[in-house]
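> Chain residues, written in single-letter form:
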Amino acid sequence: MLQYILLRLVRWIPGVILLMFIVYALMFFGGGDPVQIMFSREATDLFMPGNPRYEAVKEQLGLNRPFLVQFGDYLWKMLHGDFGMALTDGRPVARTLAAATPITISIALAASAIIAIVGIPLGVIAALNQNHWADNLILGGALFFWGIPTFVMAPLLMVLFCLELNLLPVPRGWHGVFDVNSIIPLTVAALRPMALVIRQARSAVLDVLSEDYIRTARAKGLPEWVTIIKHALRPVLTPVVTQMGVVMTNLLAGSLLLEIVFGIPGIGKLIRDGILNNDYSVLLGCTFVVLALVTLTNLLVDITYPILDPRLRSTQKGAE
Amino acid sequence: MTRLIQNNGRGNIMGETLLQVTNLTTRFHSRGNLIHAVNGVSFKIDKGETLGVVGESGCGKSVTMLSMLHLLPPAARVVAGTAFFHDKDLLKLNSREMQRIRGNHIGMIFQDPMTSFNPVLTIGDQVGESLIYHNISNRAGAEKRVIELFRMVGIPDPEARLKDYPHQFSGGMRQRAMIAMALACEPELVIADEPTTALDVTIQAQIVEVVKDLRDRLGIAIIWITHDLSLVAGLADRIMVMYAGNVIEEATTEDLFDQPTHPYTLGLLAALPAFQASKNSKRLSSIPGSPPDLRAEPTSCPFLPRCSYAINRCAIEMPLAHEIPGNGSTPHSVACFVNTQERITVQ
Numbered sequence: 001m002l003q004y005i006l007l008r009l010v011r012w013i014p015g016v017i018l019l020m021f022i023v024y025a026l027m028f029f030g031g032g033d034p035v036q037i038m039f040s041r042e043a044t045d046l047f048m049p050g051n052p053r054y055e056a057v058k059e060q061l062g063l064n065r066p067f068l069v070q071f072g073d074y075l076w077k078m079l080h081g082d083f084g085m086a087l088t089d090g091r092p093v094a095r096t097l098a099a100a101t102p103i104t105i106s107i108a109l110a111a112s113a114i115i116a117i118v119g120i121p122l123g124v125i126a127a128l129n130q131n132h133w134a135d136n137l138i139l140g141g142a143l144f145f146w147g148i149p150t151f152v153m154a155p156l157l158m159v160l161f162c163l164e165l166n167l168l169p170v171p172r173g174w175h176g177v178f179d180v181n182s183i184i185p186l187t188v189a190a191l192r193p194m195a196l197v198i199r200q201a202r203s204a205v206l207d208v209l210s211e212d213y214i215r216t217a218r219a220k221g222l223p224e225w226v227t228i229i230k231h232a233l234r235p236v237l238t239p240v241v242t243q244m245g246v247v248m249t250n251l252l253a254g255s256l257l258l259e260i261v262f263g264i265p266g267i268g269k270l271i272r273d274g275i276l277n278n279d280y281s282v283l284l285g286c287t288f289v290v291l292a293l294v295t296l297t298n299l300l301v302d303i304t305y306p307i308l309d310p311r312l313r314s315t316q317k318g319a320e
Numbered sequence: 321m322t323r324l325i326q327n328n329g330r331g332n333i334m335g336e337t338l339l340q341v342t343n344l345t346t347r348f349h350s351r352g353n354l355i356h357a358v359n360g361v362s363f364k365i366d367k368g369e370t371l372g373v374v375g376e377s378g379c380g381k382s383v384t385m386l387s388m389l390h391l392l393p394p395a396a397r398v399v400a401g402t403a404f405f406h407d408k409d410l411l412k413l414n415s416r417e418m419q420r421i422r423g424n425h426i427g428m429i430f431q432d433p434m435t436s437f438n439p440v441l442t443i444g445d446q447v448g449e450s451l452i453y454h455n456i457s458n459r460a461g462a463e464k465r466v467i468e469l470f471r472m473v474g475i476p477d478p479e480a481r482l483k484d485y486p487h488q489f490s491g492g493m494r495q496r497a498m499i500a501m502a503l504a505c506e507p508e509l510v511i512a513d514e515p516t517t518a519l520d521v522t523i524q525a526q527i528v529e530v531v532k533d534l535r536d537r538l539g540i541a542i543i544w545i546t547h548d549l550s551l552v553a554g555l556a557d558r559i560m561v562m563y564a565g566n567v568i569e570e571a572t573t574e575d576l577f578d579q580p581t582h583p584y585t586l587g588l589l590a591a592l593p594a595f596q597a598s599k600n601s602k603r604l605s606s607i608p609g610s611p612p613d614l615r616a617e618p619t620s621c622p623f624l625p626r627c628s629y630a631i632n633r634c635a636i637e638m639p640l641a642h643e644i645p646g647n648g649s650t651p652h653s654v655a656c657f658v659n660t661q662e663r664i665t666v667q
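In the order they appear, the protein sequences are chains R and Z. So the first sequence is numbered by this note's numbering: it starts at 1 and just counts up by one. So the second sequence is numbered by this note's numbering: it starts at 321 and just counts up by one.
Isolated chain Z, as found in the complex:
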């Protein structure tokens, strides 16, 4: 199983907490309904650490990150929680203070490089403008920095491509430019929201390599959101699995692949081609059913309807995250009443 996991060999530069999110809760208002998008999510990330956030579409991965940065659509509201970045609670900042953090201390890479660039402005302008508005450099300095950034992310002929418009870039190049944009102000944390989902598999691998390389050189912390477990396996120090707005399992990457515990994590791993139970099975295994309706107030385990390990308690109570013994450097926590490893009820 450890075949997928590569040692990134960066030594241990971690330890100091960069971001500590506690009990983050976000709701959407939609035609008189309340959508429980994020239900008390807690996690932390250290300086220089890479955290993989995994889960299927609509499980609250992106909403969690957008909540912290005040980038939610108008219909959404953060109703509870704290998100301490250094010693500042991001959720309590006003819009001016938040502006100074966004792009400057926390960079963001979005999923679709096609729609995430303004079609009528040049790429160079869009990559460099955060430097100007964060008062880091003037126009000429920003241009110089953009050329340097383009070189860093592997965009050939940076001086010329600076003046190109987004439609003149290929998908992969656009995503490289997006990475350059996120890194422009040398942020301490970069949140990558499914940065490779819209790309070809070969380009995906290139982008992952670019990010890995930059992370190791610059020592930035990365939160990498994806629905592809195998993609973060070689990239993340820790992985957090989300389901229906809850964190259901969190462990170091090795630990999660060695000892996957939550039934949902088991299902996700079983769905990976490399993890098929029988090598000659013709179909990939999948998790039956679909995610729950988020309009209902969660009172029982959200995974219950799809779970093959369920016990009576799952229907009465919401399982809370608790630590289980693991062999990683950070605790392995799971929100499940059943110890799937031994199928014994945890008391």
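Extracted from the complex, chain R is given alone in its bound form:
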């Protein structure tokens, strides 16, 4: 198992380097002059190319070196936890990331938990009532929410719950998952991807219910609830966990809109600010963190498979 995880990590490295390279190159050749960005709020004419002070800063930061040397230097420092300095505020990027990452992770985890706790049972209920009104209601509802973009849903919910019904305060910023301010952002984060999980759970249950082993379970005279919970739901978990992995990935990497709408200082907001300010050291740091989180999610999903399906367990035994 450990060997398997290590192998996965080793395979992950070339992908990381390639993606970092692409982002680095994009910013290097298209992101504007970093020295000008750094001093954009000060006397700009002092920091024009040709000015000795400009050249001195450039020399000092090593920005005169060739592209590949700079990239290699960046990777080397990254290995030691140094993501460089933000161009706009001069703070270390590592510290900024350390503040923003837990927020995005906790939103993704909380939303995933809501999706799993609400979405999977809804999918199962829909399957057990196939083509009846409950099924139609659940599927129709899922499709409805799937069709509403985050930036439409978020203001609508705020108008409804904060202004019209006056039930909740207007959410702004982030005060932890269990704060009353988090109800609306988490709802918005969970509603759309939940549609995917509901549909996946529903179709997986329908598939399993037509399997021969369900007929065997019934032929043994097991009560229907045992047949469903013990024999049907266990095999359903595999495809549902796969879908949950995709959902989790989307929540981690796609937090941009949600965080902008609610002013949450997570990775998404950092990415937006980085793009607006041409701050490529921040952008590169964000890219790396999102990449690491997505890979970690996929790794977790892969580790879950053998726990859920004994057939995969012995394949691994054989491979070791």
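Be careful, since some hints might not be right.
Said to hold, decoys possible - Here are the simulated lysine-lysine pairs, DSBU-like style, with alpha carbons at most 30 Å apart:
id: 1; chain 1: Z; residue 1: Lys364; chain 2: Z; residue 2: Lys408
id: 2; chain 1: R; residue 1: Lys230; chain 2: Z; residue 2: Lys483
id: 3; chain 1: Z; residue 1: Lys464; chain 2: R; residue 2: Lys230
id: 4; chain 1: Z; residue 1: Lys367; chain 2: Z; residue 2: Lys408
id: 5; chain 1: R; residue 1: Lys230; chain 2: Z; residue 2: Lys412
Note that these hints are calculated values from the structure, not bench results.
Could you slot chain Z onto chain R? The hints should help.
Same frame as chain R, now just chain Z:
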């Protein structure tokens, strides 16, 4: 011809009727069409008796059995008939009452041991769970019983194999486990739905031996569904031949092999390698044509288009089962207007 028939030498423990099915009729609804899957099937089986049910794919063998146990897919409906198991009509039971019968009094062995086991649960769990849910024993007792059952059906090293998953068993072992599963609650009747079809010929013979041995030791009644006449020849007391949802011939095994009467039975026997008309013929004989479209309401003999004995009456009327003189202990009945033995029309 009797070469194939072995005397099972069990003496006569039969006589008391265990299951009496009368006029069982099942229909499927499929895209606006009505499929006449089972058309008034009647048969009975005594305690400890083995009944072979023979016919080609889609002739209603399995559907008949699944109808009785309420295991039909949602698109199917039993529209008429009774199935008395002891004094209870299985077709009138509600789902709770049926649950108490299934697995407990009537065991079922399915065709494909690969797909009939749940891949994510251990074999031991699946074999023993009916004991727990029929309140026969607790978890520890069920495990003990499973070990005993594994030994009975010839699974080596039962204590260890208990915790194995289905994919760790070979096809033959899985089918043995399936038999153990069907026998767990000591049912009076076991319905085996083509239990050897998915297995190698050598494994087939082993499984038949296991079942025969258990039947003789435990005195259970068996309904053995197959499309292989030669397989049931050495196993069944009586054989029922089905075609297009009808029972077309029923007789004791000896009688059926001695005096096969329905043209379809004759065709099936002629197709057996051991029954080839000429020993040096290079090809096995076969029945021309294919089974009828079950969407049409049956009004004439369903075998008519493939029958070489047909007379005019066959196209106008549905032949009903009637008894003909036989030499077995139970009547020999045939649903055909023609006496193929003498080619004389029966009036």
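> Are the hints correct? Go through all of them and say.
Each hint tested on the structure:
no., hint, verdict
1, Lys364/Z / Lys408/Z, "14 Å, holds"
2, Lys230/R / Lys483/Z, "17 Å, holds"
3, Lys464/Z / Lys230/R, "22 Å, holds"
4, Lys367/Z / Lys408/Z, "15 Å, holds"
5, Lys230/R / Lys412/Z, "28 Å, holds"
Checked against the numbered hints listed earlier, the structure breaks none of them; every hint is satisfied.
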